[in-house]
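*Asks:* In order, the protein sequence lines correspond to chains A and B. Residue numbering for the first sequence follows our numbering, beginning at 1 and increasing consecutively. Residue numbering for the second sequence follows our numbering, beginning at 1 and increasing consecutively.
Since the hints were derived computationally from the structure, they do not count as laboratory data. Just so you know, not all the hints are guaranteed correct.
To be verified - Cβ-Cβ distance ranges computed for the label pairs, FRET-style: (1) His-10/A to Ala-1/B: 24 to 30 Å; (2) Pro-61/A to Asp-9/B: 22 to 28 Å; (3) Asn-12/B to Met-40/A: 20 to 26 Å; (4) Asn-12/B to Ala-72/A: 30 to 36 Å; (5) Arg-42/B to Gly-16/A: 26 to 32 Å.
Said to hold, decoys possible - Straight-line Cα separation of at most 20 Å, EDC-like style, residue types lysine to aspartate or glutamate; simulated pairs: (6) Lys-58/B to Glu-101/A; (7) Lys-111/B to Asp-95/B; (8) Lys-49/B to Glu-101/A.
Predicted model only: the values in this text are computed from it and were never measured. Don't be surprised by glycine CBs; every beta carbon is placed ideally from N, CA and C.
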Amino acid sequence: DAGVIQSPRHEVTEMGQEVTLRCKPISGHNSLFWYRQTMMRGLELLIYFNNNVPIDDSGMPEDRFSAKMPNASFSTLKIQPSEPRDSAVYFCASQGKVTYEQYFGPGTRLTVT
Amino acid sequence: AQSVAQPEDQVNVAEGNPLTVKCTYSVSGNPYLFWYVQYPNRGLQFLLKYITGDNLVKGSYGFEAEFNKSQTSFHLKKPSALVSDSALYFCAVRDHSGAGSYQLTFGKGTKLSVIP
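Using the sequences provided together with the hints, build the complete structure.
*Replies:* Structure (structure tokens):
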């Protein structure tokens with residue numbers, strides 16, 4: 001199993017640009033989570049999906065952030081427009097129907113200048 | 001609401017000595033408890049979990065953790081530390097009752113440094 005796949009691994013962009021982060025969960029997993037990690041705030045849950053449906057997006061910082069899961073094997077997290085304070089490592093994680101633990105991808109390091 | 005506390009930002013231990021990384025939790029119902037490890041520039045890697053049953057759970061790389069309900073703790077332990085164990089360790093809790101029960105709440109992490 002390839003594990004959770006995220007792309008790109010690194011993204012450097014200028015303030016005001018649109019950024020799209022991508023995630024492919026582990027095959028057969030039905031829950032998907034987006035997290036953000038910074039030194040100041042630690043690991044924060046942004047949004048999670050169950051069976052492709054968003055369940056809780058209360059962690060999404062503001063309207064500039066949006067997430068979609070059009071099918072069971074793909075999700076995107078979009079920031080438009082991006083700001084320097086969005087600089088962080090963004091992780092995607094997935095969880096199976098009969099397992100309790102989440103499996104994390106390698107993350108996308110976003111730098112907004 | 002659920003919460004996790006990792007009281008130590010950093011733990012230093014000599015190679016070969018036993019190590020303990022502390023974690024306490026708060027949930028309204030029964031907890032599911034997890035430990036994850038993060039190496040530099042990597043994602044979080046699952047180590048072990050407590051769901052039910054035996055209070056002592058064993059996981060990857062020789063790590064184990066003991067669930068103590070009365071003290072609401074789930075400390076991570078290893079009998080003999082290796083330099084390669086140096087990493088950031090996260091404790092997480094999930095309340096498996098009610099809505100939002102898929103959500104994990106993570107502690108702030110403890111940096112473990114094993115000194116040769």
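*Asks:* Now tell me, hint by hint, if it's right for this structure.
*Replies:* Comparing the hints with the structure gives:
1. His-10/A to Ala-1/B: 24 to 30 Å: 35 Å, violated
2. Pro-61/A to Asp-9/B: 22 to 28 Å: 25 Å, holds
3. Asn-12/B to Met-40/A: 20 to 26 Å: 24 Å, holds
4. Asn-12/B to Ala-72/A: 30 to 36 Å: 44 Å, violated
5. Arg-42/B to Gly-16/A: 26 to 32 Å: Holds, since Arg-42/B and Gly-16/A (Cβ atoms, about 30 Å apart) stay within the stated range.
6. Lys-58/B to Glu-101/A: Holds - the C-alpha atoms of Glu-101/A and Lys-58/B are around 15 Å apart, at most 20 Å.
7. Lys-111/B to Asp-95/B: 25 Å, violated
8. Lys-49/B to Glu-101/A: 8 Å, holds
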